[in-house]
Amino acid sequence: MSDPEIQNQDDVRSLGTDAPPAIELRDINKSFGPVRANKNVCLSVKPGAIHGIIGENGAGKSTLMSILYGFYEADSGEILIGGKPATIRSSRDAISAGIGMVHQHFMLVDNMSVVENIMLGAESGAILTSSVAAARAELERLERDYSLDVDPDALAGDLPVGQQQRVEILKALYRGAEILILDEPTGVLTPQETDQLFRILDSLRKQGVTIVLITHKLREIMAVTDDVSVMRGGEMIAHRETAQTNKEELAELMVGRKVLLSLDKAAPQAGETVLAVEGLTFVDKAGVPRVDNISFSVRAGEIVGIAGVSGNGQSELLELLSGVRPVTAGGFSLMGERFSASRRLDPAKMRDLKVAHVPEDRLRSGLVRTFAAEESAVLGYHRDAAYNGAVFTKRDAIQQDCATKMTDFDVRPPNPKLKTANFSGGNQQKLVLAREISRDPRLLLVGQPTRGVDIGAIEFIHRNIVAMRDAGSAVLLVSVELDEIMSLSDRILVMFEGRIVGEVPAHEADERLLGLMMANAAPERSEAAG
Amino acid sequence: MAAAPGKIPRWVDVALIPLVNIALAFIVSGFILWTIDVDPLTALKTILVGAFGYSDAIGYTLYYTTNFVFTGLAVAVAFHAGLFNIGGEGQAYIGGLGVGLGILLVDSSLPFLLILPISILLAAAFGAAWAAVPAYLQAYRGSHIVITTIMFNFIAAALMVYLMVNVLIQPGSMSPESREFAPEGQLPFMHEVFGWFGIEVTPSPLNLSVVWAAICCVLVWAFIWRTRWGYEIRTVGANETAAVYAGIDPRRVIMLAMCVSGALAGFVGINEIMGVHHRLLLNFTAGYGFTGIAVSLMGRNHPIGIVLASLLFGMLYQGGAELAFEEPKVTRELVVTIQGLVILFSGALAYMMKGPIERAYLRIAGGLGRPAGQEG
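These protein sequence lines are chains A and B, in that order.
With our numbering as the guide, the letters of the first sequence map in order to residues 1 to 530.
With our numbering as the guide, the letters of the second sequence map in order to residues 1 to 376.
Since the hints were derived computationally from the structure, they do not count as laboratory data.
Fair warning: there could be bad hints in the mix.
Claimed, not checked - Under the rule of at most 30 Å between Cα atoms (straight-line distance), these lysine-lysine pairs were calculated in the DSBU-like manner:
(1) LYS247/A x LYS39/A
(2) LYS417/A x LYS354/B
(3) LYS354/B x LYS39/A
(4) LYS419/A x LYS394/A
(5) LYS354/A x LYS419/A
(6) LYS394/A x LYS417/A
(7) LYS419/A x LYS354/B
(8) LYS45/B x LYS354/B
(9) LYS265/A x LYS247/A
Full structure from sequences and hints, please.
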């Protein structure tokens with residue numbers, strides 16, 4: 001419904017192309033209270049191009065796309081679609097303007113078939129059978145035209161993640177989208193699935209679809225986009241042609257200073273075994289084995305990384321080892337002490353044994369949003385004698401302790417009385433890390449240490465984890481970021497459906513090999529797929 | 001992503017919104033009064049004078065306030081653990097039973113100075129025990145605490161009727177009441193206390209419990225914000241997953257918070273049984289337990305807020321009674337309606353005005369710093 005059509009030439013701030021831009025945003029402003037999420041943002045996306053938008057968390061990328069898709073209304077500014085001014089107040093307006101969005105978290109009904117999911121909300125009449133037939137015909141045309149292969153009759157819930165994402169893309173195309181917005185599309189994909197997605201995007205581009213790709217991964221920007229725009233602190237900092245730029249420049253633009261993308265670390269000095277896991281099993285309430293007969297060990301002075309696509313039992317493994325979840329079968333030894341289903345651990349006892357745990361989801365489990373930072377900084381150690389008198393807590397000691405941690409770990413602003421929720425993601429993570437690391441743990445369990453953390457803080461957090469290793473701690477690292485696993489770990493274990501499907505020394509690991517193992521398709525895999 | 005909501009200063013949340021809620025309740029009440037030809041402003045004046053105009057009026061107001069402080073604190077402590085204790089009424093009832101049984105047993109043999117701490121302990125123990133059963137069912141069996149505490153109110157009422165009619169009734173009496181306590185088992189009235197110092201005060205039901213209520217406010221504040229047990233309660237209430245991560249057992253915290261909550265509600269028995277009626281009887285809780293929910297919500301679960309909200313409700317109870325007495329057209333039921341409107345607006349609808357007021361504040365505050373002539 002938005003056929004590109006030449007408007008008054010003076011209306012178009014053309015960037016050297018003849019056709020009007022598919023999307024043009026002019027001076028978009030959006031505030032949430034005193035927070036200015038978007039400041040005079042201008043953006044011009046060429047038709048039929050893949051345009052990357054990159055920026056740290058909180059840079060305003062999602063706000064901008066939410067404005068474009070009608071979730072928020074801009075305080076001021078203009079939106080032009082195909083050169084024509086558009087008013088987008090709801091996602092319905094966006095769809096009729098030819099904009100489709102693929103969300104980070106899929107919006108599919110698991111127990112409906114692909115074709116039913118695709119027509120959901122866009123049925124052609126009250127009688128479903130004719131709608132289904134029409135939708136099926138259209139779906140088959142779309143699959144053929146864009147070479148997107150999905151079985152129309154499969155249940156959405158049965159499809160692997162990569163295919164579910166294709167269904168989302170087909171949903172948008174079915175609704176006539178000529179502009180496709182993808183919000184962090186690769187977060188849940190294996191490297192192979194990511195490559196497939198990029199091939200799909202490439203073929204969509206060849207068919208004339210305009211694609212906006214939101215991501216914080218520099219690699220993806222370099223791999224697939226034509227143009228890239230960098231956001232920082234709510235402002236559009238720079239526009240570049242991808243061919244004219246490089247990772248280092250983009251990282252510097254994102255952060256506003258030079259960033260070291262690689263990590264220097266010495267060879268590990270592995271000592272005695274701290275953690276020995278033997279046949280550890282956890283079966284959830286539905287009877288599904290989430291952690292399935294796992295055995296491995298971690299020695300003092302080494303970092304063992306667990307790679308895997310999110311949801312393959314890594315979270316449960318950390319929760320078992322930290323005592324949050326009860327073991328179903330098997331067990332583990334910690335500095336010689338054995339724990340199993342019959343001798344269960346609780347997280348408090350675990351801390352007494354000098355096991356520190358940086359949880360995967362710091363806001364869900366690692367911190368209490370409504371607490372002052374100093375209160376969050378003693379979570380789990382709040383019974384410690386240093387913080388307590390006979391009856392009352394020692395408030396001065398708690399505050400002093402938090403202030404010290406904030407100085408040591410560069411938590412900003414260094415104000416122990418500030419509410420936890422008012423710190424940025426990176427500073428919250430530094431606070432958790434400070435709390436867990438500052439007691440010289442024998443074993444450090446770390447989950448997703450840099451999820452939602454700014455590039456600048458990532459560097460700091462990584463250096464601290466390596467410093468813990470060099471100081472003689474055993475470190476078990478779980479992350480879905482392969483770059484992180486590969487740059488930090490000394491040994492890499494790969495988890496798939498609750499099992500460890502392979503082990504690789506870090507220096508032999510590459511993305512392709514790990515990716516194959518994560519999909520349980522590596523040639524040297526030890527067990528058959530379940 | 002950067003969608004941190006705008007900063008709203010604390011006074012908007014703590015003072016402005018409750019005041020707007022009360023004002024709305026009074027406006028609706030005024031409209032009702034106006035429809036029956038009662039001048040709303042005269043009625044308001046009658047309520048205020050009736051509640052604060054003379055010394056025994058103040059006494060009555062503070063006597064009601066005492067009950068609301070106990071039940072409001074009870075609701076607040078449970079609320080900090082993320083629990084909605086609707087059972088204050090029943091816990092107060094059973095707390096009073098504990099006080100009465102204790103005094104009936106020992107008032108002839110022990111001095112007042114021993115009976116007082118025993119009574120306080122019994123009120124706490126009985127109230128806590130009555131709260132402990134729903135707490136156990138919630139913590140270990142997953143029965144929802146709102147349902148079970150409501151049901152325990154009915155069980156408490158039935159139990160009290162049975163005990164008063166069949167067991168504790170004074171022999172030869174027609175009304176279901178126990179015998180009167182000996183003077184050693186009676187808490188002095190405040191007018192008596194003032195009398196000891198030669199200050200003449202008109203008699204009212206206000207008794208020494210008001211001092212205990214004030215002490216409880218300080219104790220609850222210290223418990224919640226200055227001890228590790230309060231820290232654990234607040235952690236469970238704010239984020240149970242984080243509590244588990246921190247090695248806090250939410251089940252134990254539920255038991256602890258509910259027992260403290262029930263104990264506080266039980267202290268209504270000190271005020272009513274030991275302080276005013278000096279005998280065990282039926283229905284002395286008179287809805288204080290339920291009003292405590294509104295008090296706690298309005299007081300933002302903080303002792304200072306609870307004291308202020310309790311004063312408001314004390315004023316409404318006492319001033320409302322005065323209004324029904326002074327204005328023939330205003331019936332007792334209408335006074336209950338006005339109290340109900342205040343509870344409705346400041347309790348059930350406490351957050352109705354939050355959004356509009358905060359947006360209005362941001363528009364006013366933001367309008368100062370924003371360039372003029374910007375239209376979206």
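Structure-based check of all given hints:
1. Taking the CA atoms of LYS247/A and LYS39/A, the gap is about 25 Å. The hint holds against a cut of 30 Å.
2. Under the criterion of a C-alpha separation no larger than 30 Å, the hint pairing LYS417/A with LYS354/B is consistent with the structure, at around 25 Å.
3. Straight-line distance between C-alpha atoms of LYS354/B and LYS39/A comes to about 28 Å, which keeps the hinted pair within the 30 Å bound.
4. Of the pairs offered as hints, the one joining LYS419/A and LYS394/A holds, with about 19 Å between alpha carbons and a cut-off of 30 Å not exceeded.
5. A C-alpha spacing of about 28 Å is found between LYS354/A and LYS419/A, which places the hinted pair at or below 30 Å, so the restraint holds.
6. At most 30 Å may separate the alpha-carbon atoms for a hinted pair to count; LYS394/A and LYS417/A meet this at roughly 15 Å.
7. With a C-alpha separation of about 21 Å, the suggested pair LYS419/A and LYS354/B falls inside the 30 Å cut-off, and the hint holds.
8. For the hint pairing LYS45/B with LYS354/B, the CA-to-CA distance comes to about 29 Å; that is within 30 Å, so the pair holds.
9. For the given pair, LYS265/A sits about 22 Å from LYS247/A by alpha-carbon distance, which is consistent with the 30 Å threshold.
The earlier numbered hints are all upheld by this structure, with none contradicted.
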